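Asker: Now for the letters of each chain:
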Amino acid sequence: MSESVILVKNREVVVPGQPLAKGRFKLGKDVYRDDSGVIRAKKLGLADIKEDTVSVVPLSGVYIPKEGDIVIGIVSRISGSTIIVDIRSPYQGVIPIPRGRATERVDMRKYNLKLGDVILAKVKAFDGSSSLLLTIDMEGLGKLEGGYILEVEPAKVPRVIGKRQSMLTILKEKTKSDIIVGNNGRIWVRSPSLKELLALEKALRKIEAESHVSGLSDRVSSFLTQELSD
Amino acid sequence: MFESEMLTHNLLKEYVKDLVSKGQRIDGRGFQEYRPIEVREGTFTKAEGEAWIKLGNTQVLVGVKADVGEPFPDTPDKGVLVSNTELLPLASPTFEPGPPNENAIEVARVVDRAIRSADAVDMSSLVIIEGKLVYMLFLDMYVLDYDGNLEDALTVASLIALGRAEIPKVEVKDDGEIEVKEEKWKVNLKDLPINFTFVKIGDQLLLDPVLEEEQVSDAAITLAIDKEGRVCSIQKKHGKFTMEEILNAATIARSKWPEIAEKIREAI
Amino acid sequence: MPLYVEKKPEVLITEDGVRTDGRKPHEMRPVRMTVGILDKADGSAFIEWGGNKILAAVFGPREVHPKHLVLPDKALVRTRYNMAPFSTPERKRPGPDRRSVELSKVIREALKPAIFVENYPGSVIDIFIEVLRSDAGTRVAGVNAASLALANAGIAMRGLVAACAVGRVGNFVVCDPNHDEDMWGDADMPMAMLMEAEEITLLQTDGPMTDEQFREALKLGRNAIRFLYEMQKEALKRPYRVVERSVRGVV
Chain A
1 MSESVILVKN REVVVPGQPL AKGRFKLGKD VYRDDSGVIR AKKLGLADIK
51 EDTVSVVPLS GVYIPKEGDI VIGIVSRISG STIIVDIRSP YQGVIPIPRG
101 RATERVDMRK YNLKLGDVIL AKVKAFDGSS SLLLTIDMEG LGKLEGGYIL
151 EVEPAKVPRV IGKRQSMLTI LKEKTKSDII VGNNGRIWVR SPSLKELLAL
201 EKALRKIEAE SHVSGLSDRV SSFLTQELSD
Chain B
1 MFESEMLTHN LLKEYVKDLV SKGQRIDGRG FQEYRPIEVR EGTFTKAEGE
51 AWIKLGNTQV LVGVKADVGE PFPDTPDKGV LVSNTELLPL ASPTFEPGPP
101 NENAIEVARV VDRAIRSADA VDMSSLVIIE GKLVYMLFLD MYVLDYDGNL
151 EDALTVASLI ALGRAEIPKV EVKDDGEIEV KEEKWKVNLK DLPINFTFVK
201 IGDQLLLDPV LEEEQVSDAA ITLAIDKEGR VCSIQKKHGK FTMEEILNAA
251 TIARSKWPEI AEKIREAI
Chain C
1 MPLYVEKKPE VLITEDGVRT DGRKPHEMRP VRMTVGILDK ADGSAFIEWG
51 GNKILAAVFG PREVHPKHLV LPDKALVRTR YNMAPFSTPE RKRPGPDRRS
101 VELSKVIREA LKPAIFVENY PGSVIDIFIE VLRSDAGTRV AGVNAASLAL
151 ANAGIAMRGL VAACAVGRVG NFVVCDPNHD EDMWGDADMP MAMLMEAEEI
201 TLLQTDGPMT DEQFREALKL GRNAIRFLYE MQKEALKRPY RVVERSVRGV
251 V
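Chains as they are written, first to last, in the working numbering: chain A, 1 to 230; chain B, 1 to 268; chain C, 1 to 251.
Since the hints were made in silico from the structure, they are not lab data.
Each hint can be trusted.
The calculated lysine-lysine pairs, modelled on DSS-like cross-linking and capped at a C-alpha distance of 27 angstroms, are:
#1 K17(B) with K114(A)
#2 K8(C) with K181(B)
#3 K54(B) with K92(C)
#4 K92(C) with K181(B)
#5 K237(C) with K163(A)
Using C-beta positions, here's what the derived DEER-type ranges look like:
#6 D77(B) with E230(C): 52 to 62 angstroms
#7 E230(C) with S36(A): 15 to 25 angstroms
#8 G30(B) with G146(A): 23 to 33 angstroms
#9 G170(C) with K50(A): 56 to 66 angstroms
#10 G30(B) with A125(A): 47 to 57 angstroms
#11 D218(A) with P168(B): 56 to 66 angstroms
#12 G30(B) with Q226(A): 21 to 31 angstroms
#13 S21(B) with V106(A): 28 to 38 angstroms
#14 E234(C) with S36(A): 18 to 28 angstroms
#15 P258(B) with P9(C): 46 to 56 angstroms
Here the structure is a predicted model, which is why all the values come from computation and not from measurement.
Don't be surprised by glycine CBs; every beta carbon is placed ideally from N, CA and C.
Produce the complete structure using the sequences and hints provided.
Answerer: Written as structure tokens, this is what we have:
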């Protein structure tokens, strides 16, 4: 049977195990092919059918690190040679403290960290199960000072950023805040006052709740205008 | 609340302290403002009296179950009240399965102490045969979702559960046999001793701390106020207070009593 | 001393197949499922089935403590089934007893085949089931709720696991035994299936059935499970539909 059939609408909410398509399709993210060749969803999410690739965009789920991701972490342990960082994931991040010659190539001031410090780091390497290497050596990475940390579902981070940063721009402009979004669902924010921060928090909850309904950017924009109008 | 167990970050401490110095809290509340209290509609247990309440995002379920048995030897003219708290592992990533730890036990005893010290339940009305047979009330407090301030939430839920409790009447026949009747009687709730929990951040007292406030607080204290405005039980948790701060807390708690008492009465 | 004394009903099922709660043999009690009821858990669900009120919550995948339990190539799955002291007419002492330890294991074995544990090596997925109110069939209700909680938590699964118990009362094979049938019936057979391939992941029984009765019971269970599976799907999709409708309504 070589017929190719799509069994769901694009952006339809699907549950784990739900059949999405039969036949000649490429497997995208969070889907699997069962023994009879049917492509099924692995997670609760939105069906994403693009040309010949079938994927699911999950609506929730814990953060699993990927190389190249930017994450906001909390220093949870410091030993002589490593800094252990909590990145809100089942996997702890490790930053080796440079020694010897290596100290000449980096800005060692960055490594002057305390327990509980919040840092912006990049995922350098991850073996998938136990060893997660982070780095703070690049420009812009390192300890974050001031501001506050908000959290969103990691699965919703792409919506918080938006296509070409469109949503993030709306959030920044409307709330006049500095915002850095970590792929791990942590967001560093510096707002002019509590009023803007509370409005931003509400906007993030709105994005989380309504991410599956199109037109989100406009709604968030009007929401923030209203929220901050007086 | 359970300091060593949760990883807090330094920005949280700094930010919360900074806001407090400006008279603000991270969720926009006033220093003496409670989060919204919601009593869930419906029956969720086989308790004689129950209450499932939300205090902000904290959710607790309390059930009162009755049994009959012997009174404690030193109080033959009083019924028995046993309080137990379970910090369910599903309520927080930091709660582990197992028997109640020191935090669970402390919370249970703080709630129990408020009820007992104010004599809220008429314990002598629980006697069937003095010295031999009394009603035993089990107050089982289940924490379902932990977002700060368990004591206050559990006390409110416990008072509602006690106020709602309908207990089968037990009679002793002439031949000594115990008979359980169809008829039910309600617990006589003579008072509403309400717990008010404050945390100290900087030198300010904040009522009804949310989880983050508990985590960065310098000190915490819970006071129970009865319907006459008297302080009937106190538990200082971590940290230290000046006498003035404690008196101030008591004054604030007294002024908030009517508001919370009203919510409890409505629910009963 | 118990304040509630159980009395065995005179007739468990009439000749016409009418049960103590008025149901026919193939009828299920009313069921209602809701997801996302807890804030701190990664995933949660609440099921009301007959008089059962059961809460399920999932944390994970998360870091394993103590570390020596780590499985390097897949997630560790832990399950705790627990009954609240106020879940039964007579108060139940808090803490695990032998029955809840066994049920915890049986439920874990029902759910594990559904989870892509290889996707989360070195981590743990914790499943908690709390029976707030018990009314026969708590383990299958727990499985249904736990499946929802796992999906709600965004965990990769082959499919949802749906469960239902079937019993035998006299010559009748009955669907979803009630309390009387559970106590005084002749057999009780809880079942769970991994949908949509309908592979059995939980099966226990505690009373004799002829080959014919056994086949009928399996079929009856499977049909009930199919129905419950549809309810699970609806429960997972419902919050999104509700939001969509309210958003569109405002716009």
